[in-house]
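These protein sequence lines map, in sequence, to chains A and B. So this note's numbering is basically just the index in the first sequence, starting at one, shifted up by 27. So this note's numbering is basically just the index in the second sequence, starting at one, shifted up by 16.
Hints may contain errors.
To be verified - Beyond 12 Å from chain A on every Cβ pair, some chain B residues (computed): (1) 17; (2) 19; (3) 21; (4) 29; (5) 40; (6) 71; (7) 85; (8) 90; (9) 95; (10) 120; (11) 126; (12) 195; (13) 200; (14) 201; (15) 237.
To be verified - In silico lysine-lysine, DSS-like type, Cα no more than 25 Å apart, as pairs: (16) 52/A x 18/B; (17) 71/B x 153/B; (18) 19/B x 51/A; (19) 19/B x 80/A; (20) 80/A x 71/B; (21) 19/B x 52/A; (22) 44/A x 153/B; (23) 71/B x 44/A.
I should point out that these hints are in silico values taken from the structure, not numbers from a laboratory. In this text, a Cβ means the ideal position worked out from N, Cα and C, and glycines have one as well.
Single-letter residue listing:
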Amino acid sequence: MHELGVTENIVNISLTKAGEAQAKKVIRINLVVGELSGFVPDCIQFYFDFLSKDTIAQGAVLHFESVPAQLRCRNCSMIFQPQDTLWSCPECGGQSVEIFTGRELYIESMEVE
Amino acid sequence: MKKIEVIQNILEANEAIASRNQQLLDKHKVFAINIMSAPGAGKTSLILQTLTRLKGMLNIAVIEGDVASTVDAEKVQSEAKAVVQINTRNMPESCSLMAAMIESALKDMPLDNIDLILIENVGNLICPAEFNLGEHKRVVISSLPEGDDKPIKYPLIFVDADAVIINKMDLLPHVDFDIAAFRRSIVGLNPRAEIFELSSKTSEGIERWCFWILEQVETHVGKR
């Protein structure tokens, strides 16, 4: 629902970085998106194709690396992947957990020429 | 072909504006609370109750975020020191307030005459969790008719909350809402969140909530 602004940022960051590297074309942008972040890759791709038109990033491939949600039990420190919506520790049954991974949203790297 | 390392947070632009907003607020000794909930959980009613209860103690301004209309701004107009309505319908994103929208709203506010800004976010439990506005505290309201499973279904917004309000407590005899289960979910996700049970309709519990606000404002800006 809010991917347009996010995609504008992706286009801006990649054009800036490509400019710094004196690149003529952006071939590929590698993005890291956590499973818990509310961003939909298909939606980002759709906006990207529109926003990158007539820039050196036009036609670039967006590659999304999804980071699974991992939680850490505050009771026994076990790190685990939650099963469906129940966020309880498989080791001790504790229900007090913190998010360890899964909220990422960043550009990891780019390929340019 | 050449590979460039980037490692740059895509939400950085929003974060940068949010941090500028907070600096501006701090400079003017203004405390800001971001109030988030699903549509209809009672954000506006709670703001009205809060305005009435804290009248004479704090100068309070309100920023109203809605997809469309000025209905909410009109409701709070007479009680607030200043009101700015943001309509997100014509913005690139309509599902949440974002730091840049708050930045423009702050330009229209007499910050030196304000102690507290209550920011009413767009009714939504998903998107507002991702966008820092520059607020000092984040509050999430859940109301009894929504059911006690919201922290399980929408964990992110609760994970970052400083306070969680259980609203519409007057409906408890009529709905199946397990208060203990809801509290357990919140404590599990976010043990530092304060939990308030209240009813904006009957005013039950409003005092404790207002006391918490006074305490936060006093601790943060050292004035009242």
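What hints, given by number in increasing order, does this structure fail? Those not satisfied are hints 1, 2, 3, 4, 13, 14, 20, 22, 23.
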